[in-house]
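Each chain, written out:
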Amino acid sequence: MIPNLGQLEESVLLLVMIVEEAYGVSVAQAYEEKTDNTISIPAIHTVLKRLEKKGMLRSWMGKATAERGGRRKRLFEATPYGYQVISQLRENRIKLWSLIPKFN
Amino acid sequence: MEVPPPKYAHRFLRWFCRDDYLEEIEGNLLEMYERQYEDSPEKAQRQYGWNVLRHFRPAFIRSFKVYQPNNYRAMLRHNLILTFRSFQRYKSTFLINLIGLSSGLACALLIFLWVQDELRVDKFHANNDQLYQILEQREQAGKLVLFRTTAAPTAEALAADLPEVTHATTVYNSSSSVLSVDEKDITAKGQFVGNDFFRMFSFDLVQGDAAQVLTDPSSIVISKELAQRLFGTTEEAVGKTIERKSDHSYQVSGVFRNVPRNSSMQFDFVLPFAGYQREHEWTSEWSRTSPATYVQLKPGADLASFNNKIANFVRDKTEGQIFHRTMFAQRYSDVYLYSNYENGEQSGGRITYVRLFSWVAVFILLIACINFMNLSTARASRQMKEIGVKKAVGARRGSLASRYLSESVSVATISLLLAVLLVSLLLPSFNEITGKQLTFAFDVNLILIAIGITLFTGLVAGSYPALYLSGFDPAVILKNKLNRSVGEQWTRQGLVVLQFTLSIILITAVWVVYQQVAFVQNTHLGYDKDNVLYFERLSWEEGNLKAFLGEAEKIPGVTQISSIGHDMTGHNSGTTGLQWTGRNPSDRTEFEVVRANYGTLELLDIKLKEGRTFSESFSTDTAKIIFNEAAIDYMGLTDPVGEEVELWGENREIIGVVQDFHFESLHENIKPLFIILNPNSTWNIAAKIEAGQEQETIEQLSQLSKKFYPDYPFDYWFLDQEYQALYAAEQRVAVLSKYFAGIAILISCLGLFGLAAFTAERRLKEIGIRKALGASATSIVQLLTSDFTKMVLVAITIALPISYFAAQRWLQNFAFSISLQWWYFVGAGVLVLLIAWLTVGFQTVKAAQANPVECLQDE
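So the sequence lines, in the order shown, correspond to chains B and G.
The opening position of the first sequence corresponds to residue 1 in my numbering, with each subsequent residue numbered one higher.
The opening position of the second sequence corresponds to residue 1001 in my numbering, with each subsequent residue numbered one higher.
Quick caveat, the hints were computed from the structure, so don't treat them as lab data.
There's no promise every hint is true.
Ranges between beta-carbon positions, derived for each pair [claimed, not checked]: (1) G:Glu-1042 x B:Lys-53: 17 to 23 Å; (2) B:Lys-102 x G:Arg-1046: 47 to 53 Å; (3) B:Met-61 x G:Ala-1059: 15 to 21 Å; (4) B:Lys-53 x G:Ile-1451: 43 to 49 Å; (5) G:Val-1476 x B:Glu-77: 32 to 38 Å; (6) B:Lys-53 x G:Arg-1011: 25 to 31 Å; (7) B:Glu-77 x G:Arg-1035: 57 to 63 Å; (8) G:Arg-1035 x B:Met-61: 19 to 25 Å.
Just so it is clear, CB atoms sit at the ideal spot from N, CA and C, and this is done for glycine as well.
Modelling step: build the complete structure from the supplied sequences, incorporating the hints.
Pasting the structure below:
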């Protein structure tokens, strides 16, 4: 049974896996670069929070930098459960894709 | 960071954001801001604010509730149960609160009804904002005197000359006359009015057209009620003929809805002024000043500039001949409440009473609220443990406060229900006292006000205990280490002092009003008003008058009878057409004219100072004149009798001087006056009647009147009654304020009673020990009452100067007034002190007589 995961949630989960140091701004930046869509930072925060609550991400507070006015980053990383979910999703997709009748 | 992000957005974020997310979100936002700032500072700023706003969503908003009760209904029930338990447990407190609050609320509601009714008078006209009355100021003896009437041509001239005036009308002579249709005679009140009358005032026509009904001089417009009485129908009245006795026949051209009660103009029919004008020459003269004039101005017209324009209107119209009269306009709906002018300045009127009573209502409510506050704080010491335990297990301050507020609001609500009951019971008598016809209709306004007052009372009454009790530190309470004596007692004593200060002010006010009214009624007016019957002279034929007087004299109950051209209750007619040697040519003082018959002065018992009165033994007395002292003083004559003055172009010899007498209300100073013998112009007949025989005498006079004037009803009044009517307002105020002061005292004393009971109870052990050690009951009573005595004494000290100045100001309304005596104020103080002692004494004696064994048992 795969938990219900929205499209944005899926993208963000993947991006956290891709991005080296995943936190709000870096994920948003990656999202914009990789998908050619823009996204607001509150949306990213909401999704990150939701994914963490579902147990697919975990977070810890990182270091403070000057450009953040002395605030620390919250760094994210996918949990094993997150990897499991994403790979199951992928498998499901492939299964479904293969079921599409071929026309030519 | 070079430029910090918008401060407000930043602060807002910090305010709402959950702590565990704040750092991350803030950091991210700042980082974004920093990056975007390089591209475009403005956009970065905007974006920052927008992002903050978008974070305002449930996921990030912190919980503002520290403690969330899981069941509001349970808490409400808990509060209610506690409330009712406390009612049961402290029955006397509850009763005191209930009686105090409900009588306070009932007073406030009654006063509200009265004030509302007063404020609504004359406000119902659709053109209310544009309706004005034209007034005149005249200079007399260096002072400005106000007249509410103008020259008859004023209305027409104003409408013609001034573009701001859209309509103008004359209103003249509203008095009773007899109308008859087919042998049916009905007395009704009517007035002559200008064409525009119905277009200006909202006396709505149910039949006829407002622009047309008054165009024909022989038309009459009657009220629905009058139509019903005359014709038995309102629909078919138009076109019918009505005969007005002593006048003409008129044809009904319209019917208007009955004049509402809250109109200061009251009439049953109107006649066109044009018709009257045609037959009376004086109505074209600017020198005469009789009818009232009303104008309707264009919407948005500036009153000040209009007043400027009309100030010299009379002078311009008469080419400078009449220069001492200046005109100005007053809002029509203001006339009722703001009718007094003193030397050109608006100086109140009925509004004084409206304000007075509004204050009384506030005072009484305040006194009732203070009771509640005092009693609940006093009682609170017994509830300390409850509060301590509740707080210790986590009750918030708010929920504790809400418990006390809900208690006070429930008491207020129950009191409101009682008050409504009281008001509906008292309303008939209240109407009788105030001379109004108030009804307790539940309109939105009243309901809102009632609920408003109740909530206000409940919240104010409950505020102090709620805020005060809920603020304690539970640890301190539970350890029983609360040092509550100083602050608490100061507040409570302060409140009691305030309460008594208010009561004393009310009592002195009542006393002064009462004294003044009594003074006015008992002052010797300079003439004898008792047992004098007045009635209108019904025929203007001279011979007829003589015959009537001759016949009337033979009636055994009539001691004296004569006729007079004055009502003795107000300004009647005056003249400036008097010349005497040494007169300043610019002097425009008006002399009051009394037209008298033989025997008039004797009948009224007006005292003669010098010379003689009119007598039939001299045939030339119609060419003589009598002055009052004020006139002689004003003219500066030293030996007046025998000198000559010129009146209206004719020389008259002064034959006598009478002592000053009040021919107007005591609000007015005695003005210069002269009396001339002119039986033909005496429009009233005065008869002095033997006391104890009023009934028979009036009956016989009525029969005589029927014989002489079969067409007229015999309407009479007693001079002293008429005189008293002049002071109806004051008298009503006197009676009303007596009741209200009584209620204020009652409520104050209820509070004191409760407080005394409480103190006695709390000091029960102390009393027990004192008694056990040999204190006498008297010394204990002294001990307990001394506190209250001090409070009342402080209240007296505060209240006396305040009430002295208030009384002084009120008395300035009267030209003749009582002088304030020191004992009025001391008397009020002593009275309050006595009542307070009586109240407290009852409780303390009970406490002092208790057996010390009982209260010391458990030690």
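Going through the hints against the structure:
A hinted range of 17 to 23 Å for the beta carbons of Glu-1042 (chain G) and Lys-53 (chain B) is inconsistent with their spacing of about 36 Å. Between Lys-102 (chain B) and Arg-1046 (chain G) the CB atoms are about 51 Å apart, so this pair conforms to the stated range of 47 to 53 Å. Met-61 (chain B) and Ala-1059 (chain G) have their C-beta atoms about 19 Å apart, which keeps the hinted 15 to 21 Å range intact. Between Lys-53 (chain B) and Ile-1451 (chain G) the Cβ separation comes to about 47 Å, which falls inside the hinted range of 43 to 49 Å.
Remark: the range hint 32 to 38 Å for Val-1476 (chain G) to Glu-77 (chain B) is contradicted by a beta-carbon distance near 51 Å. A beta carbon spacing of about 28 Å between Lys-53 (chain B) and Arg-1011 (chain G) agrees with the range 25 to 31 Å that was offered as a hint. For the pair Glu-77 (chain B) and Arg-1035 (chain G), the supplied restraint of 57 to 63 Å is violated, since their beta-carbon distance comes to about 24 Å. Restraint check, Arg-1035 (chain G) to Met-61 (chain B): a C-beta distance of roughly 21 Å satisfies the suggested window 19 to 25 Å.
Hints 1, 5, 7, counting from the list given before, are not met by this structure.
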